[in-house]
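Protein chains in written order, with our numbering: chain A, 1 to 119; chain B, 1 to 396.
Everything labelled a hint here was simulated from the structure, so no lab data went into it.
There may be inaccurate statements among the hints.
Here are the computed lysine-lysine pairs in the DSBU-like style, where the Cα-Cα straight-line distance is at most 30 Å [to be verified]:
| hint | chain 1 | residue 1 | chain 2 | residue 2 |
| --- | --- | --- | --- | --- |
| 1 | A | Lys55 | B | Lys41 |
| 2 | A | Lys27 | A | Lys103 |
| 3 | A | Lys21 | B | Lys3 |
| 4 | B | Lys55 | B | Lys70 |
| 5 | B | Lys70 | B | Lys3 |
| 6 | B | Lys41 | A | Lys27 |
| 7 | A | Lys55 | A | Lys27 |
| 8 | B | Lys3 | A | Lys76 |
| 9 | B | Lys55 | A | Lys27 |
Derived Cβ-Cβ restraints for the label pairs, each shown as a range [stated by the list, open to error]:
| hint | chain 1 | residue 1 | chain 2 | residue 2 | range |
| --- | --- | --- | --- | --- | --- |
| 10 | B | Glu36 | A | Pro73 | 54 to 60 Å |
| 11 | B | Gly11 | A | Glu59 | 27 to 33 Å |
| 12 | B | Arg33 | A | Glu59 | 19 to 25 Å |
| 13 | A | Glu68 | B | Ile6 | 24 to 30 Å |
| 14 | A | Asp32 | B | Phe221 | 49 to 55 Å |
Cβ coordinates follow ideal geometry from the N, Cα and C atoms, glycine included.
Letter by letter, the chains look like this.
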Amino acid sequence: MSINEKFTAIRKGLLEFLVLKIVASNKVYVADILGQLSETEFATQEGTLYPLLSKMRREELVDYEWKESEAGPPRKYYQLTAKGREQLRETSDYWQKISGTVKRLGQDPGEQTENSTPR
Amino acid sequence: MNKVIIINLNGIAYQLEENGYEALRRYLDTAARRLEGNPDKDEIIADIEQSIADKFRAVLGANKTVVVSKEVEDVIEEMGPVQDASSASDESAHSAAGAKDGPGPTASAGETPAPPKRLYRIREGAQVGGVCNGLAAYFNVDVTLVRIIFACMVLSGGVGIVLYLLMMMVIPWANTSAEKAAATGAPFTTEEFIRRAREGYYGGLKTFKDGRAFREWKWQFKQEMRQRKRDFQREFHKNAEQWRQNWHQHWAQSPHPHPGWWFAFPFLTLLSVLLTLLCVASILSLVVTGAVFGFFFPAGVHLWLGILILLVIFSMLTWPLKVMRHAYYSHCGYGPVYVGLHMWNSFAWLAFLVLVLWFADRHSLHAHEAIEHLRYAAHHVVDALRDWWNKPSPMP
Numbered sequence: 001m002s003i004n005e006k007f008t009a010i011r012k013g014l015l016e017f018l019v020l021k022i023v024a025s026n027k028v029y030v031a032d033i034l035g036q037l038s039e040t041e042f043a044t045q046e047g048t049l050y051p052l053l054s055k056m057r058r059e060e061l062v063d064y065e066w067k068e069s070e071a072g073p074p075r076k077y078y079q080l081t082a083k084g085r086e087q088l089r090e091t092s093d094y095w096q097k098i099s100g101t102v103k104r105l106g107q108d109p110g111e112q113t114e115n116s117t118p119r
Numbered sequence: 001m002n003k004v005i006i007i008n009l010n011g012i013a014y015q016l017e018e019n020g021y022e023a024l025r026r027y028l029d030t031a032a033r034r035l036e037g038n039p040d041k042d043e044i045i046a047d048i049e050q051s052i053a054d055k056f057r058a059v060l061g062a063n064k065t066v067v068v069s070k071e072v073e074d075v076i077e078e079m080g081p082v083q084d085a086s087s088a089s090d091e092s093a094h095s096a097a098g099a100k101d102g103p104g105p106t107a108s109a110g111e112t113p114a115p116p117k118r119l120y121r122i123r124e125g126a127q128v129g130g131v132c133n134g135l136a137a138y139f140n141v142d143v144t145l146v147r148i149i150f151a152c153m154v155l156s157g158g159v160g161i162v163l164y165l166l167m168m169m170v171i172p173w174a175n176t177s178a179e180k181a182a183a184t185g186a187p188f189t190t191e192e193f194i195r196r197a198r199e200g201y202y203g204g205l206k207t208f209k210d211g212r213a214f215r216e217w218k219w220q221f222k223q224e225m226r227q228r229k230r231d232f233q234r235e236f237h238k239n240a241e242q243w244r245q246n247w248h249q250h251w252a253q254s255p256h257p258h259p260g261w262w263f264a265f266p267f268l269t270l271l272s273v274l275l276t277l278l279c280v281a282s283i284l285s286l287v288v289t290g291a292v293f294g295f296f297f298p299a300g301v302h303l304w305l306g307i308l309i310l311l312v313i314f315s316m317l318t319w320p321l322k323v324m325r326h327a328y329y330s331h332c333g334y335g336p337v338y339v340g341l342h343m344w345n346s347f348a349w350l351a352f353l354v355l356v357l358w359f360a361d362r363h364s365l366h367a368h369e370a371i372e373h374l375r376y377a378a379h380h381v382v383d384a385l386r387d388w389w390n391k392p393s394p395m396p
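Same shape as in the complex, but just chain A (with noise of 0.2 Å):
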């Protein structure tokens, strides 16, 4: 088994947090957010995208609007509402957590009680 692999339930877990931070950013529609990811670890296809996004509408994270583009029919533009932005916050702070526990356990205890105290 591949890091890969061993990594795809990881992957699809943060998927949507990486979207509610590419939303945050700017307004954007699926392309841009494809694009974005695209070249990262992230990368995913709109068969993945469109049932996600469509989730976190239903949620209340994210929302939309129709945009008229130069090219073709209008698009959906997303943005995050309120209560995304409180989500993407506490998932960032989760965030901070876990990555600090990563790197923190199997240190030297010296260093380690060092690191754990303040918080």
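Based on the hints, put chain B in the right spot on chain A.
Coordinates of chain B only, in the frame set by chain A:
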């Protein structure tokens, strides 16, 4: 020259080659199936159709108005299989990995054909070894019917027991869900065969671009089919003819019995069949009601002993019939072989009786007492006979 199908994606018409249309339809069908139960199903499908439409537009131009099959497949590949985000299925994890590693599983992978049917033993609702259950599922009949057939086979000579044990050893249990599906799955029926043949026929048909090669192939296909049909008919006729000849030969060789047998034989057969039925009915009556057609055995006679007594009575009743039938058989020239067989049968029956008696003596107190009593009774009878024999005759 390829046929073109016009489709409507979110209000705009696109012309697709026929194969491409089929692939796209499969992809969207699979997507709709996977999103079953999702409240936003329609919206997601609309989004996906819109996205596909955008991609189609990118490949079309002023001088290119048709999306060819290859382009449709590329677009489907690019879209990736549709995963329902709210349901945590294994497939979604798989596709996330596939996106980075290269082309993921093709969208049409959701179309799995029904598994071929296989014979398994089925544990659910099994009485003994699940053989009848498995057979019933395999032939798609009621399990009770299979059990009755087996019971009849057991009663008429015990072939059923051997067959059952053999099947129990040979046929595996259906353990995994896939095996269970295969045990009850769609049977490979004639319709299925015809469907596949037709699919293959039309599949081959599509691959021909030029008409002459296609016609030649079609002609060959039909010839082949006709040849196969002729072969089968010839084989069938040959077998039937051989069977007929064998029969005639046998008939000519065997000496013809007295004409009276022509009436007697069916009558004897009918009588023995009736007696057999009567025996089975009386045993059933004994088992179910505890009495043979209302006649109770004396107290202390156990059920098994009652059955045994019934069997003995039955064999005594049919004894003359058997003798007559054997006379007929030996008359017709079956000869020593049949007599030998019958002797062996008698020995087997005797051995079985001894075995049952021994078993009963060992394991049932009632039977033991009855047998002891029988011994005393026998002694008594022998003594009485001796006394009678030794008694001085009144007339010297």
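Consistency of the hints with the structure:
1. Lys55(A) with Lys41(B): Since the Cα atoms of Lys55(A) and Lys41(B) sit roughly 10 Å apart, the hinted pair holds (cutoff 30 Å).
2. Lys27(A) with Lys103(A): With a Cα-Cα distance of about 34 Å, the restraint between Lys27(A) and Lys103(A) is violated, given a limit of 30 Å.
3. Lys21(A) with Lys3(B): violated (46 Å)
4. Lys55(B) with Lys70(B): holds (13 Å)
5. Lys70(B) with Lys3(B): Cα-Cα ~15 Å, so holds.
6. Lys41(B) with Lys27(A): With a Cα-Cα distance of about 24 Å, the restraint between Lys41(B) and Lys27(A) holds, given a limit of 30 Å.
7. Lys55(A) with Lys27(A): Given pair Lys55(A), Lys27(A) holds - Cα atoms ~18 Å apart, limit 30 Å.
8. Lys3(B) with Lys76(A): The hint is violated at about 34 Å.
9. Lys55(B) with Lys27(A): holds (22 Å)
10. Glu36(B) with Pro73(A): 54 to 60 Å: The hinted range 54 to 60 Å is violated for Glu36(B) and Pro73(A), with Cβ atoms some 27 Å apart.
11. Gly11(B) with Glu59(A): 27 to 33 Å: holds (29 Å)
12. Arg33(B) with Glu59(A): 19 to 25 Å: holds (24 Å)
13. Glu68(A) with Ile6(B): 24 to 30 Å: holds (26 Å)
14. Asp32(A) with Phe221(B): 49 to 55 Å: Holds, since Asp32(A) and Phe221(B) (Cβ atoms, about 53 Å apart) stay within the stated range.
In summary, the numbered hints that this structure violates are 2, 3, 8, 10.
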